[in-house]
Every structure is written in C-alpha cells, then in structure tokens.
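All chains should be modelled from the sequences, with the hints used to inform the complete structure.
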Amino acid sequence: MSVVSSQGLGLAFRERTLFAGLSFELAPGELLAVLGPNGTGKTSLIRILLGLLEPSAGRVVVEGCPPRERCHRIGYVPQQRVFDRDLALRGRDLVRLGLDGHRWGFGRLDGAAQARVDSALTEVGAAAYADAPVGRLSGGEQQRLRVAQALVADPVVILADEPLLSLDLAHQRGVVDLLDARRRAAGTPVVFVTHDVNPVLHTVDRVLYLAPDRWAIGTPDEVLTSETLSRLYGTEVDVLRVRDRVVVVGTPDDQHVHHVGEELDH
Amino acid sequence: MFTELLAQHFVHTALWAGAVVAVVSGVIGVFVVARGMSFAVHALSELGFTGAAGALVLGLDPVLGMIGGSLLVGLVLGFLSLRGRERDSATGVVLAFGLGIGVLFLSLYQGYATEATNLLFGSIVGVSDAQLRNIAIVGAVVLAGIAALYRPLLFSSVDPEIAAARGVPLRALSVGIFLLLALTTAEAIQVVGFLLVITLVITPAAAAQRLTGRPTIALLLSVGIALVSTEGGILLSLEKPWPTSFFISTISFTAYVAARLVDWNRGREKRLSSRPPRRVWAVR
Chain A
92 MSVVSSQGLG LAFRERTLFA GLSFELAPGE LLAVLGPNGT GKTSLIRILL
142 GLLEPSAGRV VVEGCPPRER CHRIGYVPQQ RVFDRDLALR GRDLVRLGLD
192 GHRWGFGRLD GAAQARVDSA LTEVGAAAYA DAPVGRLSGG EQQRLRVAQA
242 LVADPVVILA DEPLLSLDLA HQRGVVDLLD ARRRAAGTPV VFVTHDVNPV
292 LHTVDRVLYL APDRWAIGTP DEVLTSETLS RLYGTEVDVL RVRDRVVVVG
342 TPDDQHVHHV GEELDH
Chain B
611 MFTELLAQHF VHTALWAGAV VAVVSGVIGV FVVARGMSFA VHALSELGFT
661 GAAGALVLGL DPVLGMIGGS LLVGLVLGFL SLRGRERDSA TGVVLAFGLG
711 IGVLFLSLYQ GYATEATNLL FGSIVGVSDA QLRNIAIVGA VVLAGIAALY
761 RPLLFSSVDP EIAAARGVPL RALSVGIFLL LALTTAEAIQ VVGFLLVITL
811 VITPAAAAQR LTGRPTIALL LSVGIALVST EGGILLSLEK PWPTSFFIST
861 ISFTAYVAAR LVDWNRGREK RLSSRPPRRV WAVR
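The listed protein sequences derive, respectively, from chains A and B.
Residues 92 to 357 in this note's numbering are what the first sequence spells out, letter by letter.
Residues 611 to 894 in this note's numbering are what the second sequence spells out, letter by letter.
Note that these hints are calculated values from the structure, not bench results.
Hints are all accurate, no fakes.
Going by beta-carbon spacing under 10 Å, a handful of chain A positions derived as facing chain B:
(1) ARG161
(2) LEU180
(3) ARG183
All values reported here derive from a predicted model rather than from experimental measurement.
The beta carbon of each residue, even a glycine, is placed where N, CA and C say it ideally should be.
This is how it looks when you write it as structure tokens:
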C-alpha cells in the first residue's frame, strides 16, 4: 500500500507545460529525491502535494485522500529562511506551532502535547537551545527546529523543499540524517527536493528527475546515468562518478549545471 | 493642584480611556511588529485623519469618519496581503493619495480648527463618558478578535509558508489583522492623535521583544509598557501643562531605549562568559 499515489499528474501555466503524465507511487519509509534544473516544477509538485496548488491534469492522493482536503498531517520542511533577529519566539514555540498553530483561539498545551514537543526537540538534538529566541540561532539550528516542527504532528509523509540550501556541510549532513532516521524508525516516507543529489545520495531510494519537457523516475543508478539524462535533455550529457559524488556535465543551460559547484554558489 | 485635578471626573475618564487604549495597542502591537507592519499603522492613522476630516465637512461625527477611513484602508491593504517591498511601496502610495484628499477636506471645512488639531495631536482629557463607553466596546471587540485568532495569527506572522501548508487562511487573517488594527488605530488616535499612534502600537511591542523570547511574556510586557506610558503621561500632564502625547511618547521611547540597553548588556555578558566556546546556544 503506497502512501502517496500520483496518476498522470500534469501542470501547465497558460501555454507553458511544466510536467505531464507524471505517475509514481511512494512506499512507506521510502526516500524519493526530486532533482532537476530550476523552473521544471519541483516546488510546484510539493505545492500540489501540500494541497496549495491544483494540478492541471491527473490526480494525486495521500493515503487515499486529495491533499487539499487535509485528511492527514503532512510534514513540511521549507528552504531555510532566516527569522527576524528580534522575533519573540523560542524554538519550543516554533515547534509547538507545528502541532496546533492552525487551530483557533489562544489554546493551552496539555501534558501530552507538551511531551510531544519535548520529544520532537530531543529527536532533532535541539533541546539545548529550545528556550533561546529562534532569531538568534544559526541557520543550521533553525533548520533543525523546522524539522522538529514537521515531525511533531506525526505526519504521514514529509515533504522537504531544498531544506539544505545555505547550510554548511555539517548541518546539511545533520538534517539529512534526521529525516533518514525518522523514515527508518517510523516508516514515514520523505520527498526531498534538491538541486544537488550528493548530500542525500547515500540514503536515497529513488530519484525523480524533472527535466524541461520530460521526466524519469528510478533508482539513482538507473536515472543518474549519461544515457538517461542525455535522453531527458535531448542532448549529450555526461554523468561522472567522482569518489562518492555524482557530477553532471553538459546540461543545455549553463545556469543548470546544478550538480557541480553549488558549494561555490551558496 | 495635582491632587485637586486627580479628584476631577474628567481625569478619571481620561485615565480609564487611556488604560483601555493602552491594553489594546500593546496586544495588537506584538503582531504588528512581528509582521513588520509599522508603516501600515502610520498609513491607517493618517487615513483615519482623512476620514475624520471628511466627516467634519459633511457635519458628521469625526470619530465615526475616522473609524470608517481606517477600516476602508485596512480592508484594502489586508486584501492586497502583500509582502516585503511591494507592500511598503503600495502602502506609501495609498497613504499619499489619502492624505491629499484629507488636505482638501480640511480646506473645505469651515468650522473651528481645534477639532482637527485635537485629532492630530490627541485630546485625552476631553473624552466624554459616552466616548469612554464607545472606546471600551471597540476595545473589547479587538481583544476578542485577537483572542480568537491568536494561534493562526502567530503562525502566519512568523512562518507564513508553513502556516499556509497547514491550511491557515493567510489572506483572511491578513484582512482580519488589518481590520482589528484599523479599529485600534481609531482608538489610539483619540488618546495620542494621528501623528503619535505608533508610540502606543509599535514602541511598547518593539521594546518588549527586545526583553524576552517568549510570545506570551512579550505580550504582557508590551501591554505593561503601553499602560505605564499612557497613564504616566496623563498624570504628568496634570502636573505640567504640556501636551499629554509628548509625555506618553517620551515614556514609551525611554522604555524602548532601556530595553535595547538591557538586551545589549545581556549579549555582552554572554559573549564574555562564553569564550570559548564561541556560540551561546551551540549544539553539542
């Protein structure tokens, strides 16, 4: 039984088609990396799964229910966006919003809810700075708190949209390990949008590669090959394995040389 | 003289009106500051002035015109629900046009200029019993509104993207907070005048968030600072015949400077005591 099921999903804005006929199943505990250059609809796919965007064709269900009906909790870890330095909000409060921030009224946390917040904080190793104002924490610490916020409500699936952007390598590793541990322990599948597959390469089960006009899904060894990417881009693309890293050379648009050199860009 | 004045009924009325306005301003200020809406507060109060001037020309109650003006602009800005620079410029554009109309209304108005001056700079000691009752009713509406919206309002203020993903209706909340802010502004104008609404809505909350990272404590501190400023300002103006709004803005500004000093000093102590390790809240 798959957690997320997508059939013939298509998205077009006016005459521009981002993707079409996208079908895939996401099994419990699976980690799916969504790769591809900018503007191919990676973030739009996440927005569809969150129920914030309607697909132009096809349908997608999360545990049998269209995302927009919000039958199930979906954990969402966005790009790191720095909090205002003076914001009167502790890490603990941020995580709590993931539990009941959408409910009306002032609300009080009962003992059980309090325990869930605490255990989410411990799970991501943020207990030590849970009472500090979020705006004064480092980017990596803030991102750990966002992971805790996504986990606290016990989601059926976790959607992470470029969660490693502007983090240093140690914190990138930390965030990936947290999501990896969760999907192994609780069987929560993870959809991980990234322009660089290398930080997740060691743990990823399958890759969905969105190229302009075409897409491919499969294991990293199936998709991240010169043959597959050349077919997707319709031009000669080389995929090199350098030690444990994947390097893609020769994508049509230089801006989209996305697997190499992003440490320099960010 | 001070004690004699303190026994006067109009002084009691002023103190009560000031207290209600301070509580409401202090509460909503926390959200206004978290959402970066200072400029919008200014626009709402200036356009409340336009509404009041329009009401004077038509021979209506200026307070009603003021509430109408602020609500209309709050509705427009709330529906636009813009973010960042776009909101900044759009607010400026609406503000400039509205003030232009206000200037026209003022030149058309044939009555006493004092009424307009009172609105510009506030006239807390002139609050009547009926006005106090209205201030209390509007204040209760605003507080009830914020209590009902508290959690999603906080969520959408600090983390709009994730809040939207969790089904929080961002646009409806934006309209909601703008309408509540418009009502608050119309209240605060009666105490400190159009030009100084920010001293009650922004300054106390900005000071409070320098002092604590806890949302509820920030809320209480903000209310406390607003209360001390307003009541202190009214009492001081009994002693010395300078404008009440001068005293109010001076006290709240002093609180803000003090809060920054406390915060700076705390940061300095931490930097001194945590060397090494360098970071204060570092992970393992």
